[in-house]
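2 protein chains.
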Amino acid sequence: MSNSDYTFNDKVVLPMEKVLKCQKALYMAAGMSEEDATCVAQHLVEADARGVYSHGIQRTPLYFNRFEKGGTNPNARPEIVKKVGATALVDGHNAMGMIAATYGMNLAIDLAKKYGTSAVSITNSNHFGTCAHYVDMAANAGMIGFCWTINCVNIMAPWGGVERQLGNNPFAIGVPCGNKPNVILDMATSVVARGKIVMARKTNASIPEGWALDINGNPTTDPEAAYWGTVLPVGGYKGYGLALMIAIISAILNNSSFGPDMIDLYEDPDKIQNSGHLMQCIDINAIDNLDAFKKRMDEAVDYIKNGKKANGIKEIYVPGEIEANNLKRSIKEGIVYPVEVILENRKLAEKYDVPVEYRL
Amino acid sequence: MSNSDYTFNDKVVLPMEKVLKCQKALYMAAGMSEEDATCVAQHLVEADARGVYSHGIQRTPLYFNRFEKGGTNPNARPEIVKKVGATALVDGHNAMGMIAATYGMNLAIDLAKKYGTSAVSITNSNHFGTCAHYVDMAANAGMIGFCWTINCVNIMAPWGGVERQLGNNPFAIGVPCGNKPNVILDMATSVVARGKIVMARKTNASIPEGWALDINGNPTTDPEAAYWGTVLPVGGYKGYGLALMIAIISAILNNSSFGPDMIDLYEDPDKIQNSGHLMQCIDINAIDNLDAFKKRMDEAVDYIKNGKKANGIKEIYVPGEIEANNLKRSIKEGIVYPVEVILENRKLAEKYDVPVEYRL
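Protein chains in written order, with our numbering: chain A, 1 to 360; chain B, 1 to 360.
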């Protein structure tokens, strides 16, 4: 296919395996090891397959720009620099966030197997994709997973302020069920994730009121104005407070970038991010019996879903359920992409001389 | 003073020490040990002194009603029933929540001193006051504290539902600073804590729109209607999702009451609560140097507070700062109480034959 096959606002459906194969080849062309390229490709394509397009392969051109300008090192490997009991401090050595965070969560799972619980603090990392991915790893290991991260650009004002002093720092909590998908809450502390504004900007779609303010503090539905303004914290002062606490436990704890030291993921591709994350696990077997817990979870999900619905509501969902449904459908039917995202990735594959059969 | 000294909507200012002394005597008159009575009195009076009246001594008549009707056991002592590495499961044996939760957080602090981090799961407990109190204990020990609890009555509907299926389950995160008060976020997952509706109902004050729906799902400013209806989750579906996750990690994890098994703290004084909590600590020294962290925290607080303010805003606050200011003022000037709260407590002291000098 050539660019002329598409018009703007076109959609294209691609088999998940094909997108995975092409993304892996692309990241290997950037100099990553096969193992690391697989890790990143799986993360991004899984996000798309779950319907979280803001954190999928639309970010690949952004990540490559950072490789090219020296902001992120595609070859770096994370390393444990301190280990005390059930805790560890990991230096990401400026690797991609997915590499540092996957390493960190695997370590947290291992530590929790030994000590019942764990806390792994990660510094000198980068934007790591979705928090959901990491707590899903924990849940699949029979654990409660917690994942906290500072976001990679200041876009929110403190409550009562007007300046971009904070990220809309997100977090996730995930747990396993028995016969149902893992229950996973992954939320940013703004009304919506900034990635959705970036996505709208890319596809020239307007955004709803209540998402963001422009640079002068006025409400806007223009994604371009929102991009340069501030996003609103969820629940007003509560979302602001939570964003600050997440910055503290993710970044101030281990001396990663915070506040005035933050660079802009989008606008400063040549600058080191020094992003901080925190991963925590609780081994459910340490507290109770895992199978008994899973049975209670299945019952809890049924209880919530069987509640009386408001007028016009067809179904009540538990956190992560819509994404799990999307993933199931994507595996079966392929992933639906906005064509702009595919064209950008194809252009990148051409630039990096990726063999034609590995191009989207 | 007699009841006739006051009219409704009167305020009365009482020295903190006096309220502490009288509350302690009252709980001892109910059969508690001196140590436990001190623990509960300190918790409640501190809440009032911090301006969190919804969780202060206004609840004492409620707690006493539960002692009298058999719902809570004033003499019970919590016990560790399982211990794996840095985790523990504590059975509260139906003690007051403050007793079980203080025991649990002290244990979590001890475990984190040894293992760098910890998770203590508490079952068979009761309403435990404010989450802030427990993470403040952790912060004072040089740790990051996390406290999660299921709330003691179902008052919120799932997103898309209309039934009272969930509590507005709260949580807190607390960290120490150097020269500034601990930074403590304590938030319920409803727009406001239900205690504020209970307080408004007690003082016949109307409530703002956006706090609650009546029993038919309509917005209300009448605290009586709100009391019997549902409270709105903070940030819509995000607050609902967080409330469910908190229920899972606090209560479903250790088989405490959830959903259909919840009793109503206010309406079922004869029934066992079986409330569940989760306490987690991270020893800051395990990850970084505590003093260096405290210095970064002082700088972070200054950075936030020195941000440009919106029109009409005099000061930007960090989480817990307003409460810390209130506490400082209360210690110096006494605690300002609505007279109804004092009269209720005095009546209780009379009923329990507390010596006159130990009555409010």
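By construction, these hints were calculated from the structure, which means they are not laboratory data. Please note that a few of the clues may not be correct.
Note that the list lumps identical chains together, so a pair holds whenever it fits in one copy or between two copies.
Below, a list of computed lysine-lysine pairs in the DSBU-like style, where the Cα atoms sit at most 35 Å apart [stated by the list, open to error]: (1) K113 <-> K309; (2) K294 <-> K83; (3) K314 <-> K82; (4) K11 <-> K180; (5) K347 <-> K180; (6) K308 <-> K114; (7) K114 <-> K271; (8) K11 <-> K294; (9) K328 <-> K69; (10) K271 <-> K83; (11) K82 <-> K114; (12) K18 <-> K83.
Status of each hint after checking the structure:
When the C-alpha separation of K113 and K309 is checked against a cutoff of 35 Å, the pair qualifies neither within a copy, at 40 Å, nor between copies, at 47 Å. Both within a single protomer and between protomers do K294 and K83 lie at most 35 Å apart by alpha-carbon distance, with minima of 32 Å and 21 Å respectively. Taking the shortest Cα distances, K314 and K82 never come within 35 Å of each other, neither inside one copy (50 Å) nor across copies (43 Å). For the homomeric pair K11 and K180, the shortest alpha-carbon distance inside one copy (31 Å) is at most 35 Å, but the shortest distance between copies (54 Å) is not.
For the homomeric pair K347 and K180, neither the shortest alpha-carbon distance inside one copy (40 Å) nor that between copies (53 Å) is at most 35 Å. For the identical chains of this complex, K308 and K114 are neighbours neither inside a copy (43 Å) nor across copies (48 Å), given an alpha-carbon limit of 35 Å. Proximity of K114 and K271 under a CA criterion of 35 Å is satisfied in neither setting, with 38 Å inside one chain copy and 39 Å between copies. In this assembly of identical chains, K11 and K294 lie within 35 Å of each other by CA distance neither inside one copy nor across copies; the values are 39 Å within and 51 Å between.
Taking identical chains as interchangeable, the C-alpha atoms of K328 and K69 are never at most 35 Å apart, the minima being 37 Å within one chain and 51 Å between chains. For the homomeric pair K271 and K83, the shortest alpha-carbon distance inside one copy (29 Å) is at most 35 Å, but the shortest distance between copies (46 Å) is not. Taking CA atoms no more than 35 Å apart as the test, K82 paired with K114 passes in both settings, with 17 Å inside one copy and 15 Å between copies. For the identical chains of this complex, K18 and K83 are neighbours neither inside a copy (40 Å) nor across copies (48 Å), given an alpha-carbon limit of 35 Å.
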